[in-house]
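J.: Sequence:
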Amino acid sequence: MKKGCMLYGSLFIAGVLLLFLFCVGVVKALLNDGDSLKGDGVGLVELKGLIVDGQETVRQLRELKKDERVKAVVLRIDSPGGVVGPSQEIYAAVKGVAKVKKVVVSMGSVAASGGYYAAAPATLIYANPGTITGSIGVLMKFSNIEGLMDKVGLKAFTIKTGKFKDVGSPVRTMSDEERGMLQGVIDSTHQQFIKAVAEGRKLPVEQVRAIADGRIFSGEQALAAKLVDRIGTLQDAVEEAGRLGGIKGEPELIRPPKKKSRIFGALSERAEQQLEQFSGSDSGVSLDYRLGW
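Mapping the sequence shown onto my numbering, position 29 (from 1) lands on 226, and the numbers just tick up by one.
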């Protein structure tokens with residue numbers, strides 16, 4: 198009887214210990230996604246999906262900028278673009294890294310509008326032959342449900358502090374003065390985009406303006422237009438970054454540690470997908486560097 202109790206007790210303690218070790222391993226995996234490499238290598242940052250908040254991408258770029266092991270950085274972009282502000286923040290971060298380390302961009306299936314904006318200041322840009330890129334332009338969408346409200350007998354009333362405060366309201370027709378004001382905002386952000394591409398790619402402003410009408414390019418067309426430097430894959434970009442960074446042989450990849458857990462990241466990605474579906478519809482208002490699909 199006593200031996201049986203001791204056996205069960207030992208098994209229970211062993212089980213608790215194994216569970217504890219498992220939990221410790223899970224916590225470490227969630228809290229530290231970075232590489233444990235001790236040698237030199239090439240840093241890798243991925244920019245995927247709709248650009249809604251650029252802070253995580255900016256943080257990762259800054260981490261690699263400070264990491265002495267990282268001799269060059271590869272930025273993998275697979276994004277149709279997104280909101281203007283975050284796209285500009287990522288652009289500034291890439292530009293900052295490129296001042297001290299070589300930055301090589303690898304474009305995936307799509308790197309357009311805000312996705313291309315982020316790539317522009319890189320040292321070198323690779324695209325696949327069929328990559329969709331370009332789309333240098335700005336869009337702002339509005340909806341109008343005034344007719345629907347008339348049909349169901351609904352009326353809307355707005356009390357405001359200025360004539361432009363409810364610009365874009367879906368319950369009334371937009372005035373010519375409001376259209377002019379919004380067009381001024383669009384034109385200003387468009388010029389910012391053109392200037393950023395011209396500076397990043399070292400091209401004449403007029404040359405960029407000539408193709409900055411929202412048109413998209415394949416990777417091959419973008420190469421001819423000097424929007425990218427080479428046709429190649431992610432592996433080609435990594436190998437070139439290694440050479441530019443003075444690394445002999447195949448470079449090791451160094452990923453910056455991620456602050457958020459995988460669980461939170463999955464939830465965040467799902468939320469971004471929902472926002473992408475919403476902003477891609479005809480409802481709501483957004484000022485975007487994004488493919489107008």
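Simulated from the structure, these hints should not be mistaken for laboratory data. Values in this document were obtained by computation on a predicted structure and should not be read as measured data. Don't take every hint at face value.
Unchecked claim - No more than 27 Å apart at the CA atoms, straight line, and that leaves these computed lysine-lysine pairs for DSSO-like:
id: 1; residue 1: K296; residue 2: K360
id: 2; residue 1: K392; residue 2: K348
id: 3; residue 1: K348; residue 2: K245
id: 4; residue 1: K296; residue 2: K245
What the hints assert, rightly or not - So the derived label-pair ranges between C-beta atoms look like this:
id: 5; residue 1: E447; residue 2: G377; range: 21 to 27 Å
id: 6; residue 1: V402; residue 2: F361; range: 39 to 45 Å
id: 7; residue 1: P454; residue 2: D433; range: 25 to 31 Å
id: 8; residue 1: Q404; residue 2: G327; range: 21 to 27 Å
id: 9; residue 1: G381; residue 2: V402; range: 34 to 40 Å
id: 10; residue 1: M371; residue 2: R412; range: 22 to 28 Å
id: 11; residue 1: G381; residue 2: G236; range: 48 to 54 Å
id: 12; residue 1: L345; residue 2: Q404; range: 28 to 34 Å
Quick reminder that beta carbons are idealized off the backbone N, C-alpha and C, glycines included.
J.: Look at each hint and say if it fits the structure.
T.: Structure-based check of all given hints:
no. : hint                    : result
1   : K296 - K360             : 45 Å, violated
2   : K392 - K348             : 47 Å, violated
3   : K348 - K245             : 42 Å, violated
4   : K296 - K245             : 24 Å, holds
5   : E447 - G377: 21 to 27 Å : 57 Å, violated
6   : V402 - F361: 39 to 45 Å : 30 Å, violated
7   : P454 - D433: 25 to 31 Å : 26 Å, holds
8   : Q404 - G327: 21 to 27 Å : 24 Å, holds
9   : G381 - V402: 34 to 40 Å : 19 Å, violated
10  : M371 - R412: 22 to 28 Å : 27 Å, holds
11  : G381 - G236: 48 to 54 Å : 53 Å, holds
12  : L345 - Q404: 28 to 34 Å : 45 Å, violated
Checked against the numbered hints above, the structure breaks hints 1, 2, 3, 5, 6, 9 and 12 and satisfies the rest.
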